[in-house]
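Student: One-letter residues, chain by chain:
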Amino acid sequence: MAMQGSKAGNILLDVKGLKKYFPIQKGFLRRVVGYVKAVDDVSFFVREGETLGLVGESGCGKTTAGRTIIRLYEPTAGHVLFRSRQLTPDGSETFVDLADLDRQQMKKVRREIAMIFQDPINSLNPRMTVGDIVAEPMVIHGQYRRPESEAIIVDLLQRVGLRPDHLRRYPHEFSGGQRQRIGIARALSLNPRLVICDEPVSALDVSIQAQTLNLLQDLQRDFHLSYIFVAHDLSVVQHISDRVAVMYVGKMVEMADAEELYLYPLHPYTEALMSAVPKADPKYKSQRIIMQGDVADPSNPPPGCYFHPRCRYAKEICSQKAPEFRELKPDHFVACHLAEELKLRGV
Amino acid sequence: MNDNDILVDIQDLKVEFDVRAGVIKAVDGATFDIKRGQTLGVIGESGCGKSVTARAILNMVPRPGKVTGGQVLYYRRAKGSTQTEVINITKLDPDGELIRQIRGGEIGMIFQEPMSSLTPVYTAGTHIGEAVTLHRLIPVRKVGDQIAETIQAHRHVTKQEAREIAIEMLRRVGIPKPEQRVDSYPHQLSGGQRQRVMIAVALSCQPNMLIADEPTTALDVSIEAQILDIMRELQESVNMAIMFITHNLGVIAEMAEEIVVMYMGKQVERAKTIDLFYDPKHPYTRALLQSIPRIGRKTGIRLASIEGMVPDPLHLPTGCVFHPRCPSFMPGKCDKIAPTWQKLPGDHWVSCLLYQEV
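Residue numbers (our numbering), protein chains in the order written: chain A, 1 to 347; chain B, 1 to 358.
Note that these hints are calculated values from the structure, not bench results. It is possible that part of the hints are untrue.
Claimed, not checked - Examples of chain A residues toward chain B, derived with CB under 8 Å:
1. Phe-117
2. Gln-118
3. Ile-121
4. Asn-125
5. Arg-127
6. Val-139
7. Ala-210
8. Gln-220
9. Leu-273
10. Ile-290
11. Asp-294
To be verified - Straight-line Cα separation of at most 25 Å, DSS-like style, residue types lysine-lysine; simulated pairs:
12. B:Lys-91 / B:Lys-336
13. B:Lys-25 / A:Lys-279
14. B:Lys-25 / B:Lys-14
15. B:Lys-272 / A:Lys-285
16. A:Lys-19 / A:Lys-107
17. A:Lys-283 / B:Lys-25
18. B:Lys-272 / B:Lys-336
Claimed, not checked - From chain A, some residues computed to sit far from chain B (all C-beta separations above 10 Å):
19. Asp-14
20. Arg-83
21. Ser-175
22. Ser-235
23. Met-274
Yeah, the Cβ is synthetic: ideal placement off N, Cα and C, and Gly gets one too.
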């Protein structure tokens with residue numbers, strides 16, 4: 001597969017033009033009267049061993065994007081190229097398009113991609129013991145062998161900071177932070193290469209959040225994992241991510257190295273979003289950019305650039321032509337007509 | 001600042017919940033005051049007692065909770081007058097006329113995202129109509145009518161005047177086209193707009209104090225920024241005190257002048273915001289400040305984290321409740337002796353044996 005310029009490197013996942021439209025149905029005959037463009041022509045990639053943060057306001061499509069990648073939602077269009085080891089007879093790596101795979105193939109590839117969910121209470125079956133929860137992926141994929149697998153599970157539990165005797169307990173006996181650890185152990189039970197973390201720490205208390213973030217980083221190093229880290233908390237995302245992608249109303253607006261993006265944003269939306277984050281420093285004089293109006297309606301977005309009605313730099317072209325998502329600087333992608341001329345402020 | 005400026009004085013407040021498995025001390029000896037026009041921040045993790053303290057101020061501790069000690073004094077002053085009347089809120093009948101005038105009328109409140117708030121808490125017999133205007137929007141009624149009703153309950157105005165005030169309030173909290181929006185139903189508004197409506201409800205009676213319990217937690221940062229700005233603006237224009245409860249250290253740094261830190265029902269530290277952030281005394285406060293990722297230049301690889309879990313409230317550790325997780329734990333002292341509330345130089349208060357001769 002040919003890669004252009006700086007994009008080369010150990011690409012593990014390459015998403016191209018991904019779309020997920022949800023139909024809006026009305027009336028008795030459930031006629032389709034329109035579409036919510038939850039994910040609308042989104043392209044990004046994840047390198048092996050890195051963390052890509054995916055941020056944006058609620059409803060911007062970041063969670064949908066994560067779920068469409070592993071086909072929890074069927075993509076409407078686009079390609080999801082993943083470097084898989086599961087579909088070749090000798091286990092060598094080859095790029096497969098997840099959007100094209102049939103059920104059987106997809107099930108195989110799913111071993112390599114795991115998911116961690118936001119809500120540590122509802123994402124665990126209350127009637128299963130911790131041991132069964134962690135073992136379930138192995139059972140589903142026919143990899144459960146009695147003595148060995150049990151040893152693996154005990155090992156995993158210890159690795160995420162739980163005790164072997166927790167194996168026979170039920171989820172309700174644990175605190176929120178511990179439950180999230182159970183979810184992490186389950187995600188790792190098939191030894192995945194890519195983990196999609198959907199708001200994994202936003203339901204946790206501050207002190208537990210730090211423990212969990214540290215754990216995720218340790219596991220990434222030890223198991224050589226790649227993460228897609230979906231979250232709305234910009235400071236958490238900056239802390240854990242190597243690169244960050246920003247979404248707005250189903251579109252990708254900017255993607256760059258984490259520090260580069262936070263210090264030298266190229267998109268006015270990124271700038272405004274960063275400026276709105278309250279700083280934990282009472283001496284800091286806030287210079288917030290207040291965005292006018294509300295987030296655009298994804299079923300009826302404005303013409304041109306979706307952000308133009310709220311953008312303080314908008315010019316005529318912005319309401320007429322949709323900007324292209326392009327690589328302006330090496331490894332710094334942006335979708336803005338004015339990116340070259342604007343001097344934006346970082347955090 | 002003299003004592004004349006004190007609006008609410010909380011003295012050694014204790015709230016207990018008698019549940020089947022035992023007694024939970026939700027608030028244990030809270031002692032602080034809120035001054036007129038000032039913003040007091042209360043921070044702590046879930047279950048630390050910050051919301052229960054707020055409800056005790058309004059004499060609406062949810063069952064089976066009970067105030068078992070201490071008192072909440074409210075220094076009531078009619079608008080424009082200098083005469084102060086002292087009311088002991090904890091002694092009032094929770095359904096009485098007086099407390100209902102104070103609730104909503106003189107002390108307003110906003111809670112987390114109003115339509116989806118998980119456990120709306122009612123005291124026994126609180127009139128539903130009142131509870132509704134206090135906590136949440138009724139889904140089937142126009143927002144304007146709901147605001148107007150609150151106004152009429154606490155101010156002597158006609159229906160038409162109340163509606164005009166409601167429109168004016170909606171305009172002030174930044175709702176576009178308030179003349180039309182006044183007739184919309186809560187579900188027609190976005191989450192951020194609903195929270196702004198709740199602020200409009202809370203502020204429509206020009207309260208002396210606003211209790212804001214995690215008012216922006218469920219909102220996106222851009223909406224949060226708008227709401228915080230609105231609250232500050234309105235505070236300046238009517239000299240209102242705010243008790244701002246949150247677990248978000250960034251929000252509290254921006255909003256509060258003084259901060260109380262709570263842990264497992266106990267207040268562990270109180271100081272001016274700047275002192276608390278730059279010179280925290282209690283090991284819990286220090287750990288909390290170090291454990292948050294900060295936006296800006298990337299610094300460390302790992303976050304400092306507080307070891308262990310929050311203890312079971314039914315089986316609190318002996319001595320200082322924080323000692324099993326404390327990096328400065330002194331064996332033989334912290335696990336045996338409960339620290340007392342100590343004043344340090346510069347109006348800085350702390351409850352820790354590191355600062356106490358024992």
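Student: Could you tell me which of the hints above the structure violates, numbers in ascending order?
Tutor: 1, 2, 3, 4, 5, 6, 8, 12, 13, 17, 18, 21, 22, 23
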